[in-house]
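Student: Top line first, the protein sequences correspond to chains A and B. Here the first sequence stands for residues 0 to 125, numbered as in numbering that gives the first Met the number 0. Here the second sequence stands for residues 0 to 514, numbered as in numbering that gives the first Met the number 0.
Wrong hints could be hidden among the right ones.
Chain A residues, not near chain B, derived (Cβ > 12 Å throughout) [said to hold, decoys possible]:
#1 13
#2 43
#3 51
Covered stretches of chain A, going by a simulated chain B footprint (3 or more residues, C-beta under 8 Å) [claimed, not checked]:
#4 71-78
#5 99-108
#6 111-121
Partner residues aside, some chain A positions facing chain B, computed with beta carbon under 8 Å [claimed, not checked]:
#7 8
#8 11
#9 24
#10 26
#11 46
#12 88
#13 90
#14 93
#15 96
#16 124
Simulated from the structure, these hints should not be mistaken for laboratory data. Ideal Cβ positions, reconstructed from N, Cα and C, are used throughout, including at glycine.
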Amino acid sequence: MSDPTTFLFAVVVLSLVANTGISLYGVFTRPSLVKKFISLTIFSDTLNSFAIAIGFRRVVGPYPSAAVLSSVPEDPDELLAFAGSAVDPLPQALVLTAIVIGLAVYMFLAGLIMLYHRHYRTTRMV
Amino acid sequence: MLVAGLLPLFLMGAAFTIPALSLVVKSPRFYRVYATAVSLVGLAMALAVFLETRERGVVAYRFGGFRPPLGIVYTVDALGATLGLLSAFVLTMSVVYSTWMVRSRGEYLYYTLMLSLGAGSLGCLYTGDVFNLFVMLEVLSLSAYALVSFYRDNPRAVEASIRYAFVGMVATSLYLLASFVLYGSYGTLNMADIALKARNPAAWTPYSGWVFGDVVLSSAIAIALSAWTFTFKAAVFPNHFWLPDANPEAPTPVSALFVAVIDLIGAYGVIRFLYTLFGEGSAVGVLRHDILLVLHVLGALSALVGAMLLVVQTDVKKFIAYSTISHMGLAFMAATTGTESGVSAATLQLISNSLSEALLFYAAGVAIVAVGRSVEGVGFLRRSKVASAAFVVGLLNLFGVVPVFVGFWSKLFMFMAFLEVGYLASAVVLMASTGISGVGYVKLINYLARSTPGPREDPRLRSTLVPVLVVALTTLALVALGIAVVAVPEVGRAIREVGASAMDYASYVKAVIGW
């Protein structure tokens, strides 16, 4: 583990894995629906962060650059160099889609939890 | 082919026009006619797609005209087209049935959800993109959660929907993770491209195997994660627990849809992933056999557990839900034999199961309106010859001992598929679950012969023309198909070709990236 980038990347991935476990524990064992709900959002955020990590690219310099081209370069070599140093934008697009879908589901779930509270005067579900 | 790409979009567009229309048109009758017309057009389009695949094999539609693997492609083969036709048929029947059954304040919202449920289901079956499958899975699931809690004044419906939605959200998120892992291992999300790269390392790009290194291991992880989602969707043991909770609380026409539109996707996903994407000779190699075996055992457990639990049910909707679990388990067993005939038998079993569970819900729905959900209530059906005859047909088809019905042929084909690969124990499980569930079916037929306490006064019972029509059409489809499977060579060939299409990854790949 002499390479700091490898070390830090491993820390990120391992903490994401730990986070997945903790959030699933929250979803399945907490009796309070609100806590279940929070755990569920943590769970899907963890998966989304994982997707962003997949798009990470190891480059020679300190950081990979953002996948944004402000002008189309004339030289094809320049384009290749850009492709080699920018992060993969596709996982970010996927995460964007997943977040939008997640928003719809969470709004629906929050509404359901409110309905549940109206019926039972509690948010605990056994 | 344009229709394949257009169908889910058409249903979705039609669904979300409804809330806009509700600002102008207040009459619930308008939405009933509108939804019926839309679902009939959807059925016609699904039929057109089906006929097209019969003629030309695999058809593909590229959204935006991007060359695959860029962009989203809708790829429909015999498997997707057959199940899509089934899904569209049951959706249409349920929408027509709803025009009689559902009387509620926000009726237009009900039809919005129904149509988007159909859009999600057909999108899952037609898509040729791993990530688009996730999007469609979410469209499907969200509509399903909302439909389960449609009677929101009923606390039990809200509770069932919450349980279903929490676990469902975790399940679909795991599929999302699987699609990320697939992207990380192959550098593509196109199913045909993954199918090619999983078999032929020469097709790899610099982005294949680049994040995770070991393609075999990461593919296996992706399959394991998505298998969790698909067994959840298909309500296969041990992920079956949500179905007996959620299904009975949904409005009856939606309960009828669960098998044909929601559970179907689970079985379809397993076939698509383990045959087309990671079939024989793919990167997953020996692991594939083990995965199939595990799913096979889960299917067997599910068939037995469902059969045993259905016998003791006193709620007619729960009874049908457990029967679904048992029959989906059988379909899973057939789908995981790894052979062409197994997939064909599984498809026939899905068709038989979808139609007869839907038929039982449609027939029992009349009794539920009149008497309530207890199994004794089915005695009410004696007043209508068509409804009681259809109820018996549905039960006998599930029992599967009368050679006129498609249920008999599906069980026979599954039996032969098990013997073909030498799974004697599976054949025994098939017989045992048939025998055990037979006790329950006979019990229900027995209740049909008894009288029931006086029915409630309900304005809907004055005219039962619509439910009787739906029940008659579904029965007709069931019996006609049962006879056609053996009597009409064309139909028998169509069923066999479903299995062949699942194995034939080459034409799937060629239709998409063979430009």
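Student: Each hint should be assessed against the structure and marked as holding or not.
Tutor: Against the structure, the hints come out as follows:
no., hint, verdict
1, 13, "holds (15 Å)"
2, 43, "violated (5 Å)"
3, 51, "violated (10 Å)"
4, 71-78, "violated (count 0)"
5, 99-108, "holds (count 5)"
6, 111-121, "holds (count 6)"
7, 8, "violated (11 Å)"
8, 11, "violated (13 Å)"
9, 24, "violated (12 Å)"
10, 26, "holds (6 Å)"
11, 46, "holds (5 Å)"
12, 88, "violated (12 Å)"
13, 90, "holds (7 Å)"
14, 93, "holds (6 Å)"
15, 96, "holds (6 Å)"
16, 124, "holds (7 Å)"
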